[in-house]
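Use the sequences and the hints to build the structure in full.
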Amino acid sequence: MTAPMRLGFVPLVDAAPLIVADALGFAQEEGLELDLVAAPSWAALRDMLALGQVTAAQMLSPVPVAMALGLGGSAARFEALSVLNANGDVFGVSISLADRMRANGYGFDFSDARGAGLALLVAAGPTLRIGVPFPFSMHAELVHYWLAGLNCPLPPGLEIVTVPPPRMAEALAAGEIDAFCVGEPRGSVAVERGVGALLLPGCAIWGFAPEKVLTTRAGWAEEVPDLAGRLIRAVWRAGRWLGAPENRMMASEVLAAPGRLDVAPDIIERALTGRMVITPGGDECTVPGFIEFFAGAATFPWRSQAAWIGLRLAQRYGLDPLTSSMLAKGVYRSDLHRLHLAHAGADLPGASEKVEGYLSQPSPVASARGRLILPMDRFFDARIFDPDHPLR
Amino acid sequence: MAGIAAQKVVTLPLSGVQRPMTKPLSIIVVEKDRDRARLIVDGLCEAGDFDVFVIGEEAGLARRIAERNPDLVLIDAGNPSRDVLEELTLASAPMQRPVAMFVDQSDGSLTRAAIEAGVSAYVVDGLKAERIKPILDAAIARFHMVQKMRVELSEARRALEERKVIDRAKGILMRAKGIGEEEAYALIRKTAMDQGRKVADVAQALVMAADLLK
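Protein chains in written order, with the working numbering: chain A, 1 to 392; chain B, 1001 to 1214.
Bear in mind the hints are in silico, worked out from the structure with no lab data behind them.
We put the beta carbon where it would ideally sit given N, CA and C, even for glycine.
One or more of the hints may lead you astray.
What the hints assert, rightly or not - Ranges between beta-carbon positions, derived for each pair:
hint: 1; chain 1: A; residue 1: Gln53; chain 2: B; residue 2: Glu1152; range: 30 to 36 Å
hint: 2; chain 1: A; residue 1: Met250; chain 2: B; residue 2: Glu1183; range: 57 to 63 Å
hint: 3; chain 1: A; residue 1: Asp112; chain 2: B; residue 2: Val1151; range: 50 to 56 Å
hint: 4; chain 1: B; residue 1: Met1208; chain 2: A; residue 2: Ala244; range: 33 to 39 Å
hint: 5; chain 1: A; residue 1: Ala368; chain 2: B; residue 2: Lys1198; range: 55 to 61 Å
hint: 6; chain 1: A; residue 1: Arg6; chain 2: B; residue 2: Arg1131; range: 32 to 38 Å
hint: 7; chain 1: B; residue 1: Asp1137; chain 2: A; residue 2: Leu339; range: 44 to 50 Å
hint: 8; chain 1: B; residue 1: Arg1163; chain 2: A; residue 2: Ala264; range: 20 to 26 Å
hint: 9; chain 1: B; residue 1: Ala1186; chain 2: A; residue 2: Ala76; range: 58 to 64 Å
See below:
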């Protein structure tokens, strides 16, 4: 029997698993009739989900964690059933800041986070205003982690401010911000408009960061396990399709349409292929794993990822770090993800937590079918995060 | 737009009316469009004695709001800048007092009505529900009017566009076939009726074909 289900998304490349699940029939295969609703902002999407206007939503990976910790403007509770994608953000700077960095001899390699960070701090001088899409976002986490990890004095006028992604290029052009961290295609749109240059991909800061998660109201997935299973499987199959290199061109076309991303397909293709145009002059850099929808069990919501986010938020907002990382683990439902994909042919890890940042190269790991290779997940400063000892 | 970024609206107390002892609540309305902002402000001022301030500029929104330290912020739920207001809900926020998005725990109907009207309200911690209700009621009524105004505006725009296209199509037919204006329109209308299509669609097809043949 076909069940209708309304899903919310924000028009970004990482909404792809939801859009593809609908457009290419993966949802229909599971007997779901999807109705995709584009939201104007993350706060609006969160409220739509909290109030039941949508059943599930694409969500910034730290949002369910922040809500579990009581942070932010909503009293609702969410949980993450799947990760929609790992990585996919870019850090960019204004043209004038890029020019100053270049004049200082910086070479824009789009890979070395430490080198880029030091060059940025030297060129920025006493003020540095960085735009991120939402206070609870992997963008904000990566920027905070990166700047702190440089172990350098930071500009006294450092500000990390919220700028809605559709306004990011405009805010950069108007000089409201000097730099940004944003999801694609918004970074490429800033390059295309000639107002910004890209400095780093998000994966240069954390090699395998959960970026967006498939989110529902807490408890929903256990109230209606059949529907939850269908949703998780449909989105997982869409991710598998997106992960195949031969599908990228078609995926760009599917995402480009009005009502979806409404951006030219060749701009969307940059993120999907990892071939990024980093300056308005057309300089290109290729980044393997720029955005990952499938490989390395990318869809698996590791409780250790949630714990890392919980710890970072706790430290920034003055909450108890151990309690916060414990609460955080509870909202990433690796148990439900594994349960509902058991018979779908997925090769998922046997464990629900791992030491984050430990792998400096792809490595095999114990899994259901024994063929799983986890990708490199190191942090730029080579620190590791052990979820059993979060403060070590 | 920047020039009207900040309009102070002063409400004058009516003589003879008993004024409440408490200081009037200060409200910020975030709205770029001047006419819509005016409509909302008028509605609020009719509903009571409030200190209403409009912010039309999106740049530095969190700072602008924090500077005025309002009791309540009203914003169109569809405005992408809503995400900026999330900063105000944080302990490290620029506001001196913590802010929460308004959700009425005891009476869900007010919250629902606000959502339907497309208005999001952020209130400072500790503000009593009975003081918020008249403001939200007025805001909900006005946001409904704003929505209606938007629909009417887009319909008017579309009607104008359609007329322009039909005029161009008539001109093309008049030149190509050497016929008069009325005859040209009759031909378009007959084609539309025969094919079960709208007059504007047939006109659009004709204009597009003529452009291709240029």
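Okay, the hints, checked on the actual structure:
| no. | hint | verdict |
| --- | --- | --- |
| 1 | A:Gln53 - B:Glu1152: 30 to 36 Å | violated (25 Å) |
| 2 | A:Met250 - B:Glu1183: 57 to 63 Å | violated (48 Å) |
| 3 | A:Asp112 - B:Val1151: 50 to 56 Å | holds (52 Å) |
| 4 | B:Met1208 - A:Ala244: 33 to 39 Å | holds (38 Å) |
| 5 | A:Ala368 - B:Lys1198: 55 to 61 Å | holds (57 Å) |
| 6 | A:Arg6 - B:Arg1131: 32 to 38 Å | holds (35 Å) |
| 7 | B:Asp1137 - A:Leu339: 44 to 50 Å | holds (46 Å) |
| 8 | B:Arg1163 - A:Ala264: 20 to 26 Å | violated (31 Å) |
| 9 | B:Ala1186 - A:Ala76: 58 to 64 Å | holds (60 Å) |
Violation of the numbered hints given earlier is confined to hints 1, 2, 8; the remaining hints are satisfied by the structure.
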